[in-house]
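One line per chain: the protein sequences are Y and S, in this order. Quick note: the first sequence uses my numbering, first residue -13, plus one each step. Quick note: the second sequence uses my numbering, first residue 449, plus one each step.
Because the hints were derived from the structure by calculation, they are not lab data. Be aware that a few hints might be false.
[What the hints assert, rightly or not] Pairwise CB distance ranges (calculated):
no. : chain 1 : residue 1 : chain 2 : residue 2 : range
1   : Y       : 78        : S       : 497       : 24 to 32 Å
2   : S       : 679       : Y       : 86        : 56 to 64 Å
3   : S       : 532       : Y       : 92        : 19 to 27 Å
[What the hints assert, rightly or not] With a Cα cut of at most 20 Å, we get these calculated EDC-like pairs of lysine to aspartate or glutamate:
no. : chain 1 : residue 1 : chain 2 : residue 2
4   : Y       : 233       : Y       : 61
5   : S       : 681       : Y       : 132
6   : S       : 570       : Y       : 182
7   : Y       : 233       : Y       : 15
8   : S       : 570       : Y       : 15
9   : S       : 681       : Y       : 135
Note that the coordinates shown come from a computational prediction; the quantities given were computed from them, not determined experimentally. Each residue gets a CB set at the ideal place from its N, CA and C atoms; glycine is no exception.
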Amino acid sequence: MTTVTEPESVAAPFAASGVGRRVPIVSIEGLRKSFGSVEVLSGIDLDVHPGEHVVLLGPSGSGKSTVLRSINLLERPSAGSLVVDGREHATPRSSGLFAGAPRGTALQLRRTVGMVFQQFNLFGHLSALDNIVLPLRSVRRMSRRDAEERAAVELRRVGLIARAGHYPNQLSGGQQQRVAIARALALDPQVMLFDEPTSALDPELVGEVLRTMRLVAETGMTMIVVTHEIGFAREVGDLNVFLEHGKVVETGGREFYDECRSQRARDFLQAVR
Amino acid sequence: MDGPTLDWSLVWDSRQLLLDGLVVAVQVSATALALSVALGLVLALLRTSSTPLSWIAAGYINIFRGVPALVSVIWVYFGVSLAFGLTFTVFQAGVIALTLLYSAFLAEIFRSALSAVPPGLKEAGQALGLHPSRVFFSVTLPQAGKIALPNIGSMFIGMVKDTSTFTVIGLLEVVRVTQNLVSTTFQPFVLYTAAAAIYVLAAFVIDFGFRLVENLMTSPPQGRLARALRARKRARVERLIAAHSREPDEPLTPAAV
Ligand SMILES: Nc1ncnc2c1ncn2[C@@H]1O[C@H](COP(=O)(O)OP(=O)(O)OP(=O)(O)O)[C@@H](O)[C@H]1O
Ligand SMILES: [Mg+2]
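In isolation and in its complexed conformation, chain Y is listed as follows (with noise of 0.2 Å):
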């Protein structure tokens, strides 16, 4: 199991008091995922609590992005245990906390938990408006207005409300990844998955998109970010976890970038850095 550190603000109350353990929203306990005969993960463990910002580091390769695919189940885990907001959806546990959790859906799921991907994926048939209003009409049954209305005030929220009729090829990269935040952030979530969100940006426009996810960290959003912007992660992981060959070699708290205990991960942040 990993070792949290509490973000000060939500935990602080009940850390001191010892009142209660705070309930993770996400729980995984020895996940495992193969691709045919090859495991990608052997067994991961992670937890993570409310309100918590979560940082997955690690060489390419190393199983970042099955992890969180797995989490929203666009990967189905080969074995282990995935618990979300209290709903098992892989192998049951037989002990602790989330023993005999109800099964939940995926679509259950994928409504608590959002994702922004590398690509930013936003539809290209769609104007910037439309794709935040196509899965709140769908998932949450908005009426056009309703739903035209929330996704002008999410727009705002980005900063994009100007270019709420432009389409995805009208707009630059991070403009794209900034509609794909507000699009996720619409329906509410209580997880945000980022997997690498500014890998594929040039590099004058990866830090709007940092800004933007600052925000979203600073709204309290239960986050688990893929990247490697370490000056991002060393500013907002509460939590980081160094994955190398599908484990986890370490885990750490706000110190981990200054004093990483495993060599393998002292090289890594070397070599980004």
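Position chain S with the ligands against the provided structure of chain Y, taking the given hints into account.
Relative to chain Y, chain S with the ligands alone:
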């Protein structure tokens, strides 16, 4: 050699009959196109599924892509009535014959179009919690449709031309009309040239129509027709932008749930 002189005025005199023939050809083809699009899509989905039906779809596609329209319509019109005692009108037989062939072509067109849709878009739809059928109809299909559209246009032109073989069952399409005229005027060269011109004209018009639709389906939609169709939406979005731009910038605050 003392051949007959070419009487080009025949073309003008016969224009109504020839155009009537074209209307029949286009009606048969358009009906068959609509059916072929639906059936072709289903075949493409079956073909890419991992069920045994995939093999059946593959067999169907490979057989019917190779069957000539002439044979197809004879099967349908004469064969089916012999085998099952079902009789079709010539119009129905023409529609079914074309649908059998072109649903196979369209299945292949849809298969490649569907596979050309970036998988990330489907994943984004899934990750948003959209129902799988919603992902298909609102994300995958519009993207694939845009990719497939030019090829569908070519297929439609091919269908109209293939109706020329339906003269064999007596469908009053362009070639049948031409044959009838030839039998009374003995001007095959003039009349078949006119028939060819009619097909070329039809191809032009079809191509133009598909280009209009393509323009509507580009992102953002292009052209005057798109502007007219989208005027109300545009006004609504502009009102929305104006209303929200007046308000102070709202930084990301804990979601107003
Ligand atoms: N669909 C798949 N089929 C087969 N192998 C896969 C598949 N997806 C991922 N892999 C393999 O699993 C391993 C882990 O991949 P993953 O994408 O999770 O790594 P990552 O840490 O995100 O790497 P990167 O930093 O390059 O994005 C890699 O070796 C990759 O080749
Ligand atoms: Mg990755």
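Need the list of violated hint numbers for this structure, in ascending order. 3 and 8
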